[in-house]
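Each chain, letter by letter, is given below.
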Amino acid sequence: EVQLLESGGGLVQPGGSLRLSCAASGFTFRSYAMSWVRQAPGKGLEWVSAISGSGDSIYYADSVKGRFTMSRDNSKNTLYLQMNSLRDEDTAIYHCAKDRADESQHLVIRGAFDIWGQGTMVTVSS
Amino acid sequence: DIQMTQSPSSLSASVGDRVTITCRASQGISNYLAWYQQKPGKVPKLLIYVTSTLQSGVPSRFSGSGSGTDFTLTISSLQPEDVATYYCQKYDSAPRTFGQGTKVEIK
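Heads up: the sequence lines are chains A and B, in that order. Numbers 1 to 126, taken from my numbering, label the letters of the first sequence in order. Numbers 1 to 107, taken from my numbering, label the letters of the second sequence in order.
Treat the hints as calculated values from the structure; they're not laboratory data. Built from N, CA and C at the ideal position, the CB exists for glycine as well. Some clues are possibly wrong.
To be verified - Under the rule of at most 20 Å between Cα atoms (straight-line distance), these lysine to any residue pairs were calculated in the SDA-like manner:
id	chain 1	residue 1	chain 2	residue 2
1	B	42	A	69
2	B	42	A	108
3	A	43	B	76
4	B	39	A	69
5	B	45	A	123
6	B	39	A	25
7	A	65	B	103
8	B	103	A	5
9	B	39	A	108
10	B	39	A	65
11	B	45	A	65
12	B	103	A	46
Said to hold, decoys possible - Computed, partial: chain A to chain B, Cβ under 8 Å:
id	residue
13	1
14	5
15	9
16	27
17	40
18	42
19	45
20	50
21	53
22	59
23	76
24	80
25	91
26	102
27	123
28	124
Stated by the list, open to error - Some chain B residues well away from chain A (every beta-carbon gap over 10 Å; in silico):
id	residue
29	14
30	26
31	27
32	28
33	30
34	39
35	62
36	69
37	74
38	76
39	83
40	94
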């Protein structure tokens with residue numbers, strides 16, 4: 001069974017840092033691009049960041065660029081999101097999500113997210 | 001960056017009604033468009049990708065259409081279990097922006 005399990009969320013003061021992890025299982029992790037998507041309480045979905053299977057290509061939303069760093073360790077089947085200089089508006093549930101097909105497939109086929117983790121809550125507050 | 005705009009923001013319809021949700025991209029995205037369903041307290045579920053291809057296990061009452069900048073999600077006969085918020089998403093390139101969501105309720 002394909003599973004994604006996030007951890008690392010919690011309460012942090014504005015300006016602080018957190019590192020989120022996403023443990024993947026049930027698929028060939030290194031062959032899939034992955035993303036982080038967040039959802040503020042009562043709000044819609046916001047794409048945060050994406051990383052290629054090798055980790056060579058990484059993309060960020062403007063709202064987190066320069067503050068967040070996405071990475072992966074394919075030997076541990078784990079995805080990371082290092083979050084620095086946190087702001088109140090970063091408060092959200094953070095989900096990791098898997099592209100629906102591996103990188104041998106065309107982007108139009110693989111680029112949607114078929115598996116989502118349950119998420120980890122990040123609260124930024126003084 | 002390309003913006004994704006959904007309409008309406010919410011709707012209320014009767015069981016059995018045909019429901020249509022629209023998603024408009026501020027620039028052309030070819031057919032790199034997905035739809036997700038999120039029920040209260042649950043994670044989003046992929047319904048449709050490549051504009052009109054149903055993800056495995058999704059009921060056939062769901063369908064998608066469009067190309068370029070204008071896309072629609074149609075529920076041919078609304079069922080009680082379809083109460084949810086629906087999101088479109090572009091994935092032609094980063095950022096993989098979502099629409100703001102459409103909340104569907106039963107009248």
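Hints, one by one, checked against the model:
Distance hint between residue 42 of chain B and residue 69 of chain A is unfulfilled; the C-alpha atoms sit about 27 Å from each other, more than 20 Å. Using a Cα cut-off of 20 Å, the hinted pair residue 42 of chain B and residue 108 of chain A is violated, with the two alpha carbons roughly 26 Å apart. Distance restraint check for residue 43 of chain A and residue 76 of chain B: the Cα-Cα separation of roughly 27 Å exceeds the 20 Å cut-off, and the hinted pair is therefore not satisfied. The suggested pairing of residue 39 of chain B with residue 69 of chain A is violated, with an alpha-carbon distance near 30 Å, which exceeds 20 Å.
A C-alpha spacing of about 24 Å is found between residue 45 of chain B and residue 123 of chain A, which places the hinted pair above 20 Å, so the restraint is violated. This hinted pair does not check out: residue 39 of chain B and residue 25 of chain A have alpha carbons roughly 24 Å apart, beyond 20 Å. With a C-alpha separation of about 30 Å, the suggested pair residue 65 of chain A and residue 103 of chain B falls outside the 20 Å cut-off, and the hint is violated. Distance hint between residue 103 of chain B and residue 5 of chain A is unfulfilled; the C-alpha atoms sit about 27 Å from each other, more than 20 Å.
Between the alpha carbons of residue 39 of chain B and residue 108 of chain A the distance comes to roughly 26 Å, so the proposed pair goes past 20 Å and is violated. Restraint check: the Cα-Cα separation between residue 39 of chain B and residue 65 of chain A comes to about 30 Å, which exceeds 20 Å; the hinted pair is violated. With a C-alpha separation of about 27 Å, the suggested pair residue 45 of chain B and residue 65 of chain A falls outside the 20 Å cut-off, and the hint is violated. Proposed proximity of residue 103 of chain B and residue 46 of chain A is supported: the alpha carbons are some 16 Å apart, at most 20 Å.
At about 14 Å, the closest approach between the beta carbon of residue 1 of chain A and any beta carbon in chain B exceeds 8 Å, and the interface hint on this residue is violated. Checking residue 5 of chain A against chain B: minimum C-beta separation of about 12 Å lies over 8 Å; hint violated. For the restraint placing residue 9 of chain A at the interface with chain B, the shortest Cβ-Cβ distance is roughly 15 Å, beyond the 8 Å limit, so the hint is violated. Checking residue 27 of chain A against chain B: minimum C-beta separation of about 15 Å lies over 8 Å; hint violated.
Look at residue 40 of chain A: its Cβ only gets to about 12 Å from chain B, farther than 8 Å, so that hint breaks. Taken as an interface hint, residue 42 of chain A does not check out: its beta carbon lies about 11 Å from the nearest beta carbon of chain B, beyond 8 Å. Proximity of residue 45 of chain A to chain B holds as hinted, the smallest CB-CB distance being about 4 Å (cut-off 8 Å). The interface hint given for residue 50 of chain A holds, since its Cβ lies 6 Å from the closest Cβ of chain B, which is under the 8 Å cut-off.
With its C-beta approaching chain B no nearer than about 15 Å, residue 53 of chain A sits outside the 8 Å limit, and its interface hint is violated. With a cut of 8 Å, the hint placing residue 59 of chain A at the interface with chain B holds, because the nearest CB-to-CB distance is about 4 Å. Because the smallest distance between the Cβ of residue 76 of chain A and any Cβ of chain B comes to about 23 Å, over 8 Å, the interface hint for this residue is violated. The interface hint given for residue 80 of chain A is broken, as the beta carbon of that residue sits about 18 Å from the closest beta carbon of chain B, more than 8 Å.
Given hint, residue 91 of chain A at the interface with chain B, is violated; its Cβ is 18 Å from that chain's nearest Cβ, farther than 8 Å. The beta carbon of residue 102 of chain A comes no nearer than 15 Å to any beta carbon in chain B, farther than 8 Å, and the hint placing it at the interface is violated. With a least beta-carbon distance of about 18 Å to chain B, the hint placing residue 123 of chain A at the interface is violated under the 8 Å criterion. Hint status for residue 124 of chain A: violated, given a least beta-carbon distance of 21 Å to chain B, over 8 Å.
The Cβ of residue 14 of chain B sits about 26 Å from the closest Cβ of chain A, beyond the 10 Å cut-off, so the non-interface label holds. With a cut of 10 Å on Cβ distances, residue 26 of chain B stays outside the contact zone with chain A, its closest approach being about 15 Å. Listed as outside the interface, residue 27 of chain B is consistent with that label: its C-beta sits roughly 16 Å from the nearest C-beta of chain A, beyond the 10 Å cut-off. Listed as a non-interface residue, residue 28 of chain B keeps its Cβ farther than 10 Å from every Cβ of chain A; the least gap is roughly 14 Å.
Not every beta carbon of chain A lies more than 10 Å from that of residue 30 of chain B, the smallest distance being close to 8 Å; the non-interface claim is violated. Taking the minimum C-beta to C-beta distance to chain A, about 13 Å, the non-interface status of residue 39 of chain B holds against the 10 Å cut. The non-interface label for residue 62 of chain B is consistent with chain A: the shortest C-beta to C-beta separation is roughly 14 Å, beyond 10 Å. Listed as outside the interface, residue 69 of chain B is consistent with that label: its C-beta sits roughly 16 Å from the nearest C-beta of chain A, beyond the 10 Å cut-off.
Every Cβ of chain A is farther than 10 Å from the Cβ of residue 74 of chain B; the closest lies at roughly 18 Å, confirming the non-interface assignment. Distance to chain A confirms residue 76 of chain B as a non-interface residue, since its nearest Cβ pair spans about 22 Å, more than 10 Å. Residue placement check: residue 83 of chain B keeps its beta carbon more than 10 Å from all beta carbons of chain A (closest about 17 Å). Not every Cβ of chain A is farther than 10 Å from the Cβ of residue 94 of chain B; the closest lies at roughly 4 Å, contradicting the non-interface assignment.
Violated hints, listed in ascending order, are 1, 2, 3, 4, 5, 6, 7, 8, 9, 10, 11, 13, 14, 15, 16, 17, 18, 21, 23, 24, 25, 26, 27, 28, 33 and 40; each of the other numbered hints is respected by the structure.
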